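Starting from two chains that each stand alone, build the complex the way the hints lay out.
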Amino acid sequence: MRLLHAELTDFRNIACASLDPSPRFTALVGNNGQGKTNALEALYLVAALRPLRSVSRRALLRTGTELAKIELKVERRSTGLVHDLGVELTPTRRTLFKDGKKVDAGTFIGCAVAVSFTPDDLQLAKGSPDLRRKFLDRALLNVRPSYLTRALRYTKALKDRNRVLGEPNSDPVLDAYDEIIAHEGAAIMAARVRYVSELLPRVRDYFERIATPAPRLDLAYGARLRDMAGAEEPDLEAAFLAKLRARRPVDRARRTTSVGPHLDDLELALDGLPVKERASQGQHRALVLALKLAEITHLAAALGEAPLLLLDDMSSELDAHRSAQLFEAVGALDGQVILTSTEVPTALAAADLALYRVKAGNLERGPAAPAPV
Amino acid sequence: MSSPLPHERRVDPIARLVQALGRLPGIGEKSATRLAFFIMRQGRDFAQDLATALLEATERVGLCETCMNLTDELQCGICRDARRDPTVLCVVETVQDLRAIERSREFAGQYHVLHGTLAPLEGIGPDQLKVKELLVRLRAGGCEVKELILATNPSVEGEATALYLQKLLTPLGFEVTRIASGLPIGGDLEYADPATISRAIAGRRHM
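Residue numbers (my numbering), protein chains in the order written: chain A, 1 to 373; chain B, 1 to 207.
Quick caveat, the hints were computed from the structure, so don't treat them as lab data.
Predicted model only: the values in this text are computed from it and were never measured.
A couple of the hints might just be wrong.
Calculated lysine-lysine pairs in the DSBU-like style (CA-CA distance at most 30 Å, straight line) [said to hold, decoys possible]:
(1) A:156 / B:132
(2) A:156 / A:102
(3) B:30 / A:69
With the rest of the complex left out, here is chain B (with noise of 0.2 Å):
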């Protein structure tokens, strides 16, 4: 047994295991210590699976290249199904929001990613997200692109970038949308935070 150089530190195999679950968003030092611990109960092969799993999905996962979604494909399975409505385009903030829209069936149409949203105080401006991509796309030849829905979040960064695209893409001749906000189906009135009432109200419709 060689025993470490003087100026190798050694570092504790699980306190490392600790530290870095600790960096996942949601997940504090306690989390961390007991997923440490249960990972070490399950043993070598749950570690190699986990592990495995991990970089494959890192390293073999990207952008497709047409909406920027992840894929492990040249393009996402969405961008690629020819039953989908070319003519509408949804722009999203996120990953996550494009899965979200998807898992209510309810919109058929292709998306459009752009990883974020306007954030001056962060350094972000439109370069630093996905709108030249946009931009590049409806501008191909063979774009069949008709209407964009903007469905960025009701919060300011989410609104900004929404009139921001909406300045930007109706001089090119789209048509663009904003999606509507108010009160969650199936939520109570009741349950409702003022704003989100204040704002439904201020958006109520004739019948």
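Only chain A is shown next, with the shape it has when bound in the complex (with noise of 0.2 Å):
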């Protein structure tokens, strides 16, 4: 996908801003807090319908203002076609465009695919198992967009159940939630298997490259239903629903259900020790590093076309040596670039790149290479 152009309105602390990016690098410099990751935001709220960072809808809005707009003109590779995108966001509503008519959010995801790299994503290998099924969950989505839909009903129906959990008599509604339960969290687990398997090879790939030397790594997917990850979803479906009826007393203490693909977890081990116990901080940076291009480098097979990649702030984050790893890797891909960063990144050639001043809200294109002093 390539983005052709975008305006952003109201948006944060961005009044009104127009960019034009770079078929290859495009980099949002400014000081802290000048809106440059705002703009980057977004992006990705369109693509994802969720901003990068989570916040309520409200924050979303420039002060005083009852409206924010984001309109992006998108090229897709694999069909030549070129789309207007828009997302409207008012304190209460979001409402979606496509080529000027509005959309549910059924049709418009996937219309804009983007990866998001931010500083957040440092805390994936070490952190709590929360952040890694968010890593899954937004890749999956990109790979396959009924995934949103899916994920949406398995969560509408889990929210339904732990209510319901705490009425009395309330067993024949709960065999009704139980079972819209499993059918859904089996296909988002089965799901999740399959592309922890095919991101595998890949993750080992990029990590044998990044770190030296590198100790042996395995990537699992942990479910709590320990015994069925691997299995196919119709016996994952029926194992479920089993330990849903299993669990349901207990269920019932707690007002809270103890067993789905909302507490499982990617679980990652070097030389067949856990990564919090075993990698040291080296290790977990090129493990992050590692698992971010294999899940580019998989949506770029899996789509026929690179992805949009958004990078947070991380020349920063990472020393020149992996910095130059990521933009090798994103290179090769032959995809578009939006990186934000406090100085004028030097790695890059300036044909390549656009150059975007940022202060106070304000995008200005600025000349790629600095003034000589």
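Put into structure tokens, the structure is as follows:
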């Protein structure tokens, strides 16, 4: 996918900005707190329909305004078509437009494909399981757009079940919700298990290239239904349903559902030991980079074209060597990259680079090469 | 002319009309204002006619004692129609859904309207739906129903309601079926959303 043009109106601290990115690298350069990440966030929101950082919808609107707009022009290389994609946000509503017509989320999702890489991702390997579930979900959403509906239905049914758990004489209603949860949940688990197995060779390959010396890396989808990981979807559904039934008394006491993909983890091990116990700081970084690169190249292979890559302030987080490895791998995909930085990136050739200076919510196109002093 | 009492607040009649119209679904303040001024231009006869229609509909129309459809008699036209098949009963969420199926003229059995779906977060369980009425009807002497078609929406709420009813009705010896879901006829595959296509592919059949 290629981003041809972007217009932002009253989004976060950006009153009005337009962006004509380079087909290769576009750098948004400015001091902290000027709105670099906000611009990146707007682009991400159109692709993922959720902000990079979890915040209230109100916080996405510029202070004192009631309507934020993000309008993108994108070209899909697979079809050669150019689409106008728009997201309008009010404090209470989100409206989506494709080619000037209002559409629902199911139709909109997948029209723009972007992968983000932000400082928050650096916690991926050693942070809480929630971060790794999010990683899997965001990645799968790009690969299979129908995953969104599955995930939404699962979450809705789970909330309903948790409420019903607290009601007396509610076994018949719980039976109904258990079936929906088992059905959607088994599909989610099967998709995640398959994705992890497809990702493994790519992550290993990158990890061995980045970390030297590299211990043996293993990834596994860790389900609380441990014996089920790897099972086929219909078996998974039956096993999950049986588990939900068995856990019901415990779940009733706690008023929460204690088994399912909402609690699973992506397990990472080095030489057979959990990464949390085993890995050095450098290995953590290498592993995160390998995971993100594997995600990007897997997605590019699945789509038949590179996704838009959004890098938030990574040069300050990765050393020069790792940054170079990141750009090299991304460059090999012939993809488009938009990055934020406090300084003009020197590792990139000026011919490939579009430069924007970001100050107090304004984006101003600047010369790619700094003026000689 | 008596001036209004100190405590009596004077209400602008047009503002009140705009406010009342604005409570209708899909009508924002702009549309409500447009409608209000349209009504004002039409004059008294139009307003009288509209008011009478509103009052008559709400006062005279109630629930059919058999199927919970809306009717101005004890039983609705569908339940009174002797030509309809009494062995098949189609269970729907709302009267609008019943009307949609009737428009297709593809179904000649009878209906039962639940008036909603399970919605735990809004405090709606089976007791808030017309489930008790359905059971009373099915258990009544002379009831000929053999098959129940669960025609609730494919949403999580609709699906949960259908599963709940299936578990309730199957042990009573009824044949319980669920309407299929998938691609709309006359809609292009090209324009279907990924979730619908995913469901249609999962539900494919042998040819």
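For a quick check of understanding: which of the numbered hints are violated here, in increasing order? none
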